[in-house]
Amino acid sequence: MSKLNPDKLTKSINSMLQSAKAKKRKFIETVELQFTLKFYDPKKDKRFAGTIKVPHPIRPSIRVCIIGDAAHIDVAKEMKLDYIDFEGVKGFMKKDKEIKKWSKKYDAFFASDTLLKRVTRIIGPVLNKQGKFPILIKHTDSIEEKIKELNSTVSFQLKKSINIHTAIGNIKTTPDHLKANMTTAINFFVSLLKKNWQNVKSIHIKTTMSPSFRIY
Amino acid sequence: MNLINLQNKAKQDPKSYKEEVELQYQHFLSNFEIFLLKPTEESQEFIELISFLSHVAPFYKQMLLNFPKYLIQLLNEHLHHLSNELRKGIAQSLFILQNRDFISEIELIPIYFRLFLCQDKILRKYVFLHLIQTAKKIHQMFPNSQRERNLKKQFYLAIQENEFLIQEKALALLIEIYEKRFWSDDKTVNVIANTCFMENNKLLVAALNFFLKNKNQEEDEKDDPMTQYEESMEAFQDRLKSMKNTKKTKHKKKLLKKLRNKLSHQHTIVEEENGEETKSNQEPNFSALERIYDPQGFCEKLFTKLRGSNELFDVKVMMMNMISRLIGIHKLVMVNFYTFILRYVQPYQQYATTFLAIIIQAIHERIPPENVEPILKTILNNFISEKSSTLALTIGLNTIREIILRCPLVMTEEIVQDLVEYKKHKDKGVSMATRGVIAALRQVSSQLLSKKYRGRFTQPSKQKIFGEQILHIINENENENEDENQNENENENENENDIEFDENGNENGNENDIEFDEDENENENGNDIEFDENENIDESENKNQNKNQNKNQNKNQNKNQNKNQNKNQNKNQNKNQNKNQIEESDSDLNQDDDDEMEIKTEIQPDYLVGPRFTRRTKEEKLESMKQGREGRGKYGSRLHSERTTNERKKKNKPFRLTRFRKKVKKRRTRMKGRKKTKNI
Chain A
17 MSKLNPDKLT KSINSMLQSA KAKKRKFIET VELQFTLKFY DPKKDKRFAG
67 TIKVPHPIRP SIRVCIIGDA AHIDVAKEMK LDYIDFEGVK GFMKKDKEIK
117 KWSKKYDAFF ASDTLLKRVT RIIGPVLNKQ GKFPILIKHT DSIEEKIKEL
167 NSTVSFQLKK SINIHTAIGN IKTTPDHLKA NMTTAINFFV SLLKKNWQNV
217 KSIHIKTTMS PSFRIY
Chain B
125 MNLINLQNKA KQDPKSYKEE VELQYQHFLS NFEIFLLKPT EESQEFIELI
175 SFLSHVAPFY KQMLLNFPKY LIQLLNEHLH HLSNELRKGI AQSLFILQNR
225 DFISEIELIP IYFRLFLCQD KILRKYVFLH LIQTAKKIHQ MFPNSQRERN
275 LKKQFYLAIQ ENEFLIQEKA LALLIEIYEK RFWSDDKTVN VIANTCFMEN
325 NKLLVAALNF FLKNKNQEED EKDDPMTQYE ESMEAFQDRL KSMKNTKKTK
375 HKKKLLKKLR NKLSHQHTIV EEENGEETKS NQEPNFSALE RIYDPQGFCE
425 KLFTKLRGSN ELFDVKVMMM NMISRLIGIH KLVMVNFYTF ILRYVQPYQQ
475 YATTFLAIII QAIHERIPPE NVEPILKTIL NNFISEKSST LALTIGLNTI
525 REIILRCPLV MTEEIVQDLV EYKKHKDKGV SMATRGVIAA LRQVSSQLLS
575 KKYRGRFTQP SKQKIFGEQI LHIINENENE NEDENQNENE NENENENDIE
625 FDENGNENGN ENDIEFDEDE NENENGNDIE FDENENIDES ENKNQNKNQN
675 KNQNKNQNKN QNKNQNKNQN KNQNKNQNKN QIEESDSDLN QDDDDEMEIK
725 TEIQPDYLVG PRFTRRTKEE KLESMKQGRE GRGKYGSRLH SERTTNERKK
775 KNKPFRLTRF RKKVKKRRTR MKGRKKTKNI
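Chains as they are written, first to last, in our numbering: chain A, 17 to 232; chain B, 125 to 804.
No wet-lab data here; the hints were simulated from the structure. One or more of the hints may lead you astray.
Below, in silico cross-link-like pairs of lysine-lysine (DSSO-like), each with a Cα-Cα straight-line distance of 30 Å or less [claimed, not checked]:
hint : chain 1 : residue 1 : chain 2 : residue 2
1    : B       : Lys455    : A       : Lys121
2    : A       : Lys210    : B       : Lys440
3    : B       : Lys429    : A       : Lys117
4    : A       : Lys69     : B       : Lys455
5    : B       : Lys455    : A       : Lys117
6    : A       : Lys217    : B       : Lys304
7    : A       : Lys54     : B       : Lys724
8    : B       : Lys425    : A       : Lys54
9    : B       : Lys276    : B       : Lys193
10   : A       : Lys113    : B       : Lys425
11   : A       : Lys210    : B       : Lys337
12   : B       : Lys455    : A       : Lys113
13   : B       : Lys425    : A       : Lys69
14   : B       : Lys724    : A       : Lys120
15   : A       : Lys217    : B       : Lys193
16   : B       : Lys311    : A       : Lys148
17   : B       : Lys311    : A       : Lys217
18   : A       : Lys116    : B       : Lys193
19   : B       : Lys429    : A       : Lys113
20   : B       : Lys429    : A       : Lys116
21   : A       : Lys148    : B       : Lys260
22   : B       : Lys455    : A       : Lys164
23   : A       : Lys148    : B       : Lys724
24   : A       : Lys148    : B       : Lys429
25   : B       : Lys455    : B       : Lys501
26   : A       : Lys120    : B       : Lys777
27   : A       : Lys148    : B       : Lys425
28   : A       : Lys54     : B       : Lys276
29   : A       : Lys117    : B       : Lys425
30   : A       : Lys117    : B       : Lys311
31   : A       : Lys54     : B       : Lys745
32   : A       : Lys54     : B       : Lys337
33   : A       : Lys217    : B       : Lys260
34   : B       : Lys337    : A       : Lys211
35   : A       : Lys54     : B       : Lys261
36   : A       : Lys54     : B       : Lys501
From the derived model, a few chain A residues whose C-beta atoms are all more than 12 Å from chain B [claimed, not checked]:
hint : residue
37   : Lys42
38   : Glu114
39   : Lys117
40   : Ile138
Fair warning: this is a prediction, and the values are worked out from it, not measured in the lab. Glycine included, C-beta positions come from ideal geometry on N, C-alpha and C.
Take these sequences, add in the hints, and give me the full structure.
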């Protein structure tokens, strides 16, 4: 069912990592997965979108802010996470620039289930634009796990072009982990497509600065 | 010597006619100076000179280097003084010079756009077509080059001009060129989009029309060359056949050659078309709405414009439609929009269905249910009550169905209970719409339905919370998968938005497809071949069952197995029954397929009205009766229509039967007697 050649995949992962090692950059490069589709007519075929949890974390660290009620703020204090309460959100007074400045500091937002609806109304538009729409947390969930989950989530959405890119790891993840991440993500992505592998023209992997390697 | 004559000869042999052309050029220069003194004067000779020089120019590049400059100067300085004839002449010679690459198009474009200000309809049309032609040529010869970019820049600049006329034409050109897919980049779309905020409201209308238009016409046009090709192919073959057994003359040979040429020409056209199609496959065109750079900002800007605008009502509706489409496609959060549009939700409102369609487009799962609730309430109050008309009821229910699909959280159990009552409504449209609502609820949040309406196969789903994220987790352990799969099958009906797949689930899906195919094959074969067929069916059944045993059993497969069992029972019965059964099972399958309602980004108002079931008027009935009568014989007694007289029947009676009758004998003897007398 999977048309990926495992040997080729490991080989290209290794060569990719080597080329990244050969010239070190000042930041941690991410490993990207790139798909090109074929025989896809955006007018007729259904839009697809999906998120999947891959087995291993993607980013080395993630900056989160919690928009919480009293209980969640206590947890955030304990875990030394940044937080903001509803009054604070209100304080932005719907001023887009201030919200932007504040939201730039974070990769993602969590909001308590009691607050999310109200928060959406105030900061929703801006965060939505940046693709950082707050994620819901309940009192029963543990925040730590949620963050972990977020860190190993890959989402696919078709926008404007038939090329689709996602981050799938960074150069510090081990090749085995990368491989596992890739196979799950690719298989899931292909399952989203109407004709599965027949819709895929090519798949490439690359790090931020390295040349790309074709794996399918 | 005649100018046209000279033109031909100069083209063939530029060197030897150099002096003559130079003479003409001097002539032109002197004429030009005279003309500057009296620009309104008409002179046929001058026009002819210009056309001559523009044709010859590419062969005397050195000599005529400054020639275009004079023409441009004329147009720039005396645009409105020139006579129509002369202006057209100058424009056409500029077209020629540009097409031969004598001057670059970049410096000419602003002048072309200025020509749109003239009061000369034919000229404006020429210029319009020429500009499209230029864009096409540059795109085909130098795609994505600096030259093409410069050309685009000129067009974008033209939209910024102060003259309304030029702006409008530039926009019309851009739209035309975009639709022909010469320039289909994001930048063009955004330039078009930005015209929505310009002073000139004609631009707004044109741009909105462009974004909201349905583009189904393109596909229809594409069929033509293919059919033409087939037709001429047939004609060619006919000709070949008829010539097979006749003498081969020169004339016939010529005819054949003509046909062959025509055929090959059409073939290349068809091939080009196909080539374009494959190209378009590689780069599918996303709708222009998706290419807007900053949809949230654009939407907010347009919304503030809409609020303060005193445009025509139709234009306002278009603006709302545009905003709602953007919200739906980009999942924007525009809280104010819903309260704004609420006032239009009335059954007596003009374009009521359009407004409902606009609302539906603007609803998606990221909007807090509190914002959708007032909309739902107003629809319930205004459209769905016992007093309201059946049409209003149908439309209201259909709208609610779509809202449920998009934002299931607004629904409460009480509302659902009220709605479900309409299932038994006497009007068919209403009851069908109610069924649609129930089906949507089953799919999205079945826990709200009472057991009776939920149906046997759907389990009540869990209450969802706003903003819940849907994650897909793959477990590698097969044993765990079984439980998971079962859960997922239940879930499938609950969350339509989340496409739940895991590796195995996906495989199962594939297999089901294959099985469907097999079923269909059986059906087709069953019609033609008799009992031997059943064995085949058996085999495929076995295959199916094996597969089923191997894999986790999901719900669809269970159904399939049931059907297989049905077939087993039918095995010994006769063919017709068997066929029926398979057909039935097939229709079951189809129903399964249709179960999933999809969320459309674009909703037409008619879609909400649904099929209408009104009583027909007398005229309509008579019309349908007349239609039924066409192409059949008259009913009634057959005797009447075939009645013949005895006289008539006698005429057709075989002679052998009649010749011994008295009357006939008498006549014959008389005839014989006459013959004898003649002979004598």
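Now for the hints, and whether the structure bears them out:
Restraint check for B:Lys455 and A:Lys121: satisfied, since their Cα atoms lie roughly 23 Å apart, inside the 30 Å limit. Straight-line distance between C-alpha atoms of A:Lys210 and B:Lys440 comes to about 38 Å, which puts the hinted pair past the 30 Å bound. For the proposed pair B:Lys429 and A:Lys117, the alpha carbon gap of about 27 Å is at most 30 Å, so the pair holds. For the given pair, A:Lys69 sits about 22 Å from B:Lys455 by alpha-carbon distance, which is consistent with the 30 Å threshold.
Distance check on the hinted pair: B:Lys455 and A:Lys117 sit about 22 Å apart at the alpha-carbon level, within 30 Å; holds. Of the supplied pair hints, the one linking A:Lys217 and B:Lys304 holds, its CA atoms being roughly 26 Å apart against a limit of 30 Å. Only pairs whose Cα atoms come within 30 Å are accepted, and A:Lys54 paired with B:Lys724 is accepted, the gap being roughly 23 Å. Between the alpha carbons of B:Lys425 and A:Lys54 the distance comes to roughly 36 Å, so the proposed pair goes past 30 Å and is violated.
For the given pair, B:Lys276 sits about 23 Å from B:Lys193 by alpha-carbon distance, which is consistent with the 30 Å threshold. Under the criterion of a C-alpha separation no larger than 30 Å, the hint pairing A:Lys113 with B:Lys425 is consistent with the structure, at around 16 Å. Pair hint A:Lys210 plus B:Lys337 holds up; C-alpha atoms about 26 Å apart against a cutoff of 30 Å. Under the criterion of a C-alpha separation no larger than 30 Å, the hint pairing B:Lys455 with A:Lys113 is consistent with the structure, at around 21 Å.
A threshold of 30 Å between alpha carbons decides the hint, and for B:Lys425 with A:Lys69 the separation of about 37 Å lies outside it, so the pair is violated. Annotation: proposed proximity of B:Lys724 to A:Lys120 is violated, straight-line Cα distance about 33 Å (limit 30 Å). Proximity of A:Lys217 to B:Lys193 is assessed by CA-CA distance (about 52 Å); at most 30 Å being required, the pair is judged violated. A hinted pair counts as satisfied when its Cα atoms are at most 30 Å apart, and B:Lys311 with A:Lys148 qualifies at roughly 26 Å.
Straight-line distance between C-alpha atoms of B:Lys311 and A:Lys217 comes to about 26 Å, which keeps the hinted pair within the 30 Å bound. For the hint linking A:Lys116 to B:Lys193, the alpha-carbon distance of about 53 Å lies beyond 30 Å, and the restraint is violated. The straight-line distance between the Cα atoms of B:Lys429 and A:Lys113 is roughly 21 Å, inside the 30 Å bound, and the hint therefore holds. A hinted pair counts as satisfied when its Cα atoms are at most 30 Å apart, and B:Lys429 with A:Lys116 qualifies at roughly 24 Å.
At roughly 41 Å between alpha-carbon atoms, A:Lys148 and B:Lys260 are farther apart than 30 Å, so this suggested pair is violated. A distance of roughly 26 Å separates the Cα atoms of B:Lys455 and A:Lys164; the hinted pair therefore holds under the 30 Å criterion. Restraint check: the Cα-Cα separation between A:Lys148 and B:Lys724 comes to about 25 Å, which is no more than 30 Å; the hinted pair holds. In summary, the hint linking A:Lys148 to B:Lys429 is supported, as the alpha carbons are separated by about 28 Å, within the 30 Å threshold.
Simply put, B:Lys455 and B:Lys501 have alpha-carbon atoms about 23 Å apart, close enough for the 30 Å limit, and the pair holds. Restraint check for A:Lys120 and B:Lys777: the C-alpha separation of about 106 Å exceeds 30 Å, so the hint is violated. With a C-alpha separation of about 22 Å, the suggested pairing of A:Lys148 with B:Lys425 holds against the 30 Å cut-off. A hinted pair counts as satisfied when its Cα atoms are at most 30 Å apart, and A:Lys54 with B:Lys276 qualifies at roughly 29 Å.
Between A:Lys117 and B:Lys425 the alpha-carbon distance is near 21 Å, which keeps this suggested pair within the 30 Å criterion. Straight-line distance between C-alpha atoms of A:Lys117 and B:Lys311 comes to about 28 Å, which keeps the hinted pair within the 30 Å bound. A threshold of 30 Å between alpha carbons decides the hint, and for A:Lys54 with B:Lys745 the separation of about 51 Å lies outside it, so the pair is violated. Proposed proximity of A:Lys54 and B:Lys337 is supported: the alpha carbons are some 26 Å apart, at most 30 Å.
In summary, the hint linking A:Lys217 to B:Lys260 is supported, as the alpha carbons are separated by about 29 Å, within the 30 Å threshold. Of the supplied pair hints, the one linking B:Lys337 and A:Lys211 holds, its CA atoms being roughly 29 Å apart against a limit of 30 Å. This hinted pair checks out: A:Lys54 and B:Lys261 have alpha carbons roughly 28 Å apart, not beyond 30 Å. Using a Cα cut-off of 30 Å, the hinted pair A:Lys54 and B:Lys501 is violated, with the two alpha carbons roughly 45 Å apart.
The claim that A:Lys42 is not at the interface with chain B holds, since no C-beta of that chain comes within 12 Å of its own (minimum 30 Å). The Cβ of A:Glu114 lies farther than 12 Å from every Cβ of chain B, with a closest approach of about 16 Å, so its non-interface assignment holds. Listed as a non-interface residue, A:Lys117 keeps its Cβ farther than 12 Å from every Cβ of chain B; the least gap is roughly 17 Å. Non-interface call for A:Ile138 relative to chain B: violated, since the shortest CB-CB distance, roughly 9 Å, does not exceed 12 Å.
Comparing the model with each numbered hint stated earlier shows that hints 2, 8, 13, 14, 15, 18, 21, 26, 31, 36 and 40 do not hold.
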